[in-house]
Structures are given as C-alpha cells and as structure tokens.
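**Student:** Sequence:
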Amino acid sequence: MGPEVPHHVLRSLPLLACALLGSGACTFTPAPSRPCPPLPPPPALLRTAPPAPRLLALNDDGTGRLTGTLAAGDERIEFTWLRHRDGLPTRPCVLLVPILAGGAELMTSVANRMFARDFDVAWCERAGSALVAPQRGRDLDELLRRTVLHQRALLHWLRRAEAPPPQQFVLGISMGGMVGAILGAAEPDLDGLAICLAGGDFPSLVLASGERRVQRWVDWRRRTDGVGDDHLGWELRQQLRLEPLRVAPSIDTRKVLFVSAQFDDVVPRRNQDLLWEALGRPARLRVPFGHYTAALAIDEILGAAAAHFRARCRSTES
1 MGPEVPHHVL
11 RSLPLLACAL
21 LGSGACTFTP
31 APSRPCPPLP
41 PPPALLRTAP
51 PAPRLLALND
61 DGTGRLTGTL
71 AAGDERIEFT
81 WLRHRDGLPT
91 RPCVLLVPIL
101 AGGAELMTSV
111 ANRMFARDFD
121 VAWCERAGSA
131 LVAPQRGRDL
141 DELLRRTVLH
151 QRALLHWLRR
161 AEAPPPQQFV
171 LGISMGGMVG
181 AILGAAEPDL
191 DGLAICLAGG
201 DFPSLVLASG
211 ERRVQRWVDW
221 RRRTDGVGDD
231 HLGWELRQQL
241 RLEPLRVAPS
251 IDTRKVLFVS
261 AQFDDVVPRR
271 NQDLLWEALG
281 RPARLRVPFG
291 HYTAALAIDE
301 ILGAAAAHFR
311 ARCRSTES
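Position one of the sequence shown corresponds to residue 1 (the working numbering), numbered consecutively onward.
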C-alpha cells in the first residue's frame with residue numbers, strides 16, 4: 001500500500017487539482033476538550049522492550065546526512081539521519097515510517113520538507129515489501145513485527161546518541177501511518193504523532209481497497225489457495241497480532257494529528273474513521289483529494305504536522 005504515484009495519475013494532476021480545489025478546501029477539526037481518562041496498557045507483545053540496538057557502522061557525508069547500520073538481536077537495520085549543523089541547539093527529531101510497498105522518492109521528499117521546517121529527520125530502510133506473493137497472514141504478521149522493531153530500535157539508539165534530540169516525533173503515511181499508531185502505543189515517551197492517510201481494521205481494508213497492488217494479492221490468494229473473502233478476512237484477523245485498532249486506545253489523544261483524504265479509495269473512509277475513533281477523535285485535517293492526489297496538499301499536510309509537533313514541544317517544555 002502506498003507505492004510511488006503512478007505516471008497516469010501524475011499526468012492528470014493539473015485537471016484533478018482544478019476539480020478538487022473547486023469542491024472544497026482542507027478542513028481542520030480540533031481534538032475534543034475533555035478530561036483524559038486513564039490509558040489502558042498496550043498489548044503484551046508491545047510491552048517487551050526491543051533488543052538493545054548496537055551501532056555497526058556510521059557514515060557522515062559532511063553535510064549533516066548520516067547513514068548507518070544498527071544491530072538489534074538478529075535484525076540489521078539500515079537508517080538515514082539528517083541533522084542540522086549550524087551551531088544552534090539540537091532540533092527535535094521526526095522519525096518517518098516507511099511505506100511498506102515502496103515510495104523511496106516520497107520518503108526523501110517528505111524528509112527534505114520536514115528538515116526545511118527546522119526538524120532533524122530519521123528513517124529506516126524498509127524491512128520488506130508487503131502484500132506480495134507468496135505472503136500469507138503469518139508472513140504479513142512477521143513483516144509488521146520486524147518493521148515495528150526496526151523503528152523502535154532506531155528511536156532507542158537516537159535517545160542515546162551524542163546530543164540526543166530533545167523531543168521525538170513520528171510521522172507515518174499510508175501503511176506507515178498504521179505502523180505509526182502501533183509505535184505510539186509501544187513507545188509512550190514519544191512526544192507526538194502525525195498519522196496520515198491511514199486506517200484501522202486491516203482485514204476489511206485489504207478486501208475493500210482500490211489499490212491495484214492489494215487487489216492483485218487478494219486475487220492471487222483466491223486463485224492459489226481457493227479461499228473466499230470471508231476466509232481471507234478471518235485469517236488476517238486471527239494472525240495479525242498488531243492491528244492499529246487494538247492498540248489505539250493506549251495512545252494519548254492529545255499527542256495525535258490525524259490526516260485523512262476525502263476521496264481515498266486505497267484506505268476507504270470507513271477504515272479511516274474507525275482508526276480516528278479508536279484514537280479518541282484526535283485533531284484531524286481533511287484534504288479534498290484521493291490517496292495519491294493528496295500529494296497536491298503535501299505542504300499543507302506537513303505544515304500541519306510541523307505545527308502540531310511544535311505545539312507539543314511547548315507543552316512538554318512547560
């Protein structure tokens with residue numbers, strides 16, 4: 001879910017922009033003002049700390065772009081870290097969560113834009129691609145577990161780095177937003193989250209998604225295993241242990257900015273709303289685009305995320 005924008009979509013962006021901008025602007029809904037109830041603990045799988053990360057290699061190109069390798073148990077984690085080097089105090093750091101099906105160009109673009117907004121930025125290379133043959137439910141569960149472990153290991157290592165960031169935030173898009181929700185439950189010390197173009201109830205999302213990659217995987221399962229949609233949904237519910245809806249109630253609503261796309265057929269509105277509700281109806285930015293054409297509002301989305309993170313910085317410092 002969430003590869004690079006297809007060429008036919010790119011060619012149609014100008015016309016889509018005119019049509020959709022005429023139908024409405026981005027709208028923002030603040031989080032409700034109410035006393036926050038006690039948060040339930042996250043599932044047992046997330047209460048265990050990841051193996052202590054060890055730095056195996058670190059390369060500095062001299063411009064503030066560092067690339068390195070961490071070891072965490074049997075895992076090897078490749079990462080990139082963009083740091084400001086202007087003699088000013090260490091900036092807050094934003095961890096970008098990879099899109100599991102691709103999107104390297106998008107990751108770089110988002111990283112550069114957040115860096116320009118005065119944040120340090122870090123991200124891991126993907127643990128693997130999701131929803132491709134011969135993966136089945138248990139394979140997807142293992143990939144998700146490894147992906148979460150990679151992000152947690154990098155967060156923990158950054159906290160111990162020389163001149164560690166004063167605050168840590170997570171920004172995830174599409175499948176990365178779902179992983180971001182899991183991180184928010186697993187790492188309660190995170191200062192804030194921006195969960196973008198994501199949803200909950202992964203089994204129903206997979207079956208309803210208009211994303212061609214997802215549809216090809218579902219069709220492959222039907223042909224290869226002779227299963228119907230009911231069986232596939234049951235399998236995913238049984239075998240995916242890290243479902244965002246299950247962990248969302250463990251996250252402080254005040255930490256979250258939720259971004260949704262009005263015409264998204266990759267992550268249907270029902271699944272977006274389910275996750276937003278499970279998170280306690282956090283502050284929400286709606287953009288009048290689809291999943292991929294939301295790229296037209298990337299500056300509005302990242303500007304809102306940056307403003308949310310700065311406000312969280314002020315709240316943690318006071």
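By construction, these hints were calculated from the structure, which means they are not laboratory data. Only a predicted model underlies this, so the values are computations on that prediction, with no experimental measurement involved. Beta carbons: idealized from backbone N, C-alpha and C, even for Gly. Careful, some of the hints might be misleading.
[To be verified] What follows is a list of derived Cβ distance ranges for each label pair:
id : residue 1 : residue 2 : range
1  : Glu125    : Arg212    : 33 to 43 angstroms
2  : Asp61     : Pro32     : 17 to 27 angstroms
3  : Arg222    : Asp60     : 48 to 58 angstroms
4  : Glu300    : Glu142    : 32 to 42 angstroms
5  : Arg47     : Arg254    : 20 to 30 angstroms
6  : Arg237    : Thr67     : 36 to 46 angstroms
7  : Asn112    : Gln238    : 17 to 27 angstroms
8  : Gln215    : Pro164    : 36 to 46 angstroms
9  : Arg212    : Ala104    : 28 to 38 angstroms
10 : Thr29     : Ala133    : 33 to 43 angstroms
**Student:** Could you run down the list of hints and mark each one as holding or not?
**Tutor:** Evaluation of the provided hints:
no.	hint	in the structure
1	Glu125 x Arg212: 33 to 43 angstroms	violated, 24 angstroms
2	Asp61 x Pro32: 17 to 27 angstroms	violated, 46 angstroms
3	Arg222 x Asp60: 48 to 58 angstroms	holds, 49 angstroms
4	Glu300 x Glu142: 32 to 42 angstroms	holds, 36 angstroms
5	Arg47 x Arg254: 20 to 30 angstroms	holds, 22 angstroms
6	Arg237 x Thr67: 36 to 46 angstroms	holds, 38 angstroms
7	Asn112 x Gln238: 17 to 27 angstroms	violated, 41 angstroms
8	Gln215 x Pro164: 36 to 46 angstroms	holds, 43 angstroms
9	Arg212 x Ala104: 28 to 38 angstroms	violated, 19 angstroms
10	Thr29 x Ala133: 33 to 43 angstroms	holds, 40 angstroms
Hints 1, 2, 7, 9 from the list above are not met by this structure, while the remaining hints are.
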